[in-house]
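When you get a sec, could you build the whole thing from the sequences and use the hints?
In our numbering, the protein residues as written are 1 to 142.
Do not take every clue at face value.
[What the hints assert, rightly or not] Here are the simulated DSBU-like cross-link-like pairs (lysine-lysine), alpha carbons at most 35 Å apart as the crow flies:
{"hint": "1", "residue 1": "Lys19", "residue 2": "Lys125"}
{"hint": "2", "residue 1": "Lys8", "residue 2": "Lys125"}
{"hint": "3", "residue 1": "Lys24", "residue 2": "Lys9"}
By construction, these hints were calculated from the structure, which means they are not laboratory data.
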Amino acid sequence: MYYSELVKKACNIMFRAHKYDTDKGGYPYVFHPFYLASQMDDELTVCTALLHDVVEDHGDEYSFEYLEGEGVPAPVINALRLLTHKSGVEYMDYVKALSADPIARKVKIADLRHNLDSRRVNSAKTPKTELYLQALEYLESR
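Laid out in structure tokens, this is it:
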């Protein structure tokens, strides 16, 4: 993982936003973005991985404007905008839109792989398994 002052800031924001959240397997949610970040190899993708669900899950407190005010750089903000799945947008349309951004695409591939790991949810398949596999195949072909 890449370490810097910006990564430290993103990690602290992620932790504050998700500190009381748990995933579907009952684990503290913070392990998911940290796991993704540990697979990234540069500052911008690490920060994006850490923050990828912050606005989607806690946008009332952690908006894009808040992140900009905290000094999160434009390439990360742009990737986060693409990674934030808006209500009413078909999933594959969302995936196709984010595929054009290399940061968003790299983080989403890692996100999908982790979400498809059934060990995280007591070996249960997610109802979205087929959709996630379709999205992963699409993104990996780009």
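(request) Compare the structure with the hints numbered earlier in the document and write down the numbers of the violated ones, lowest to highest. (result) none
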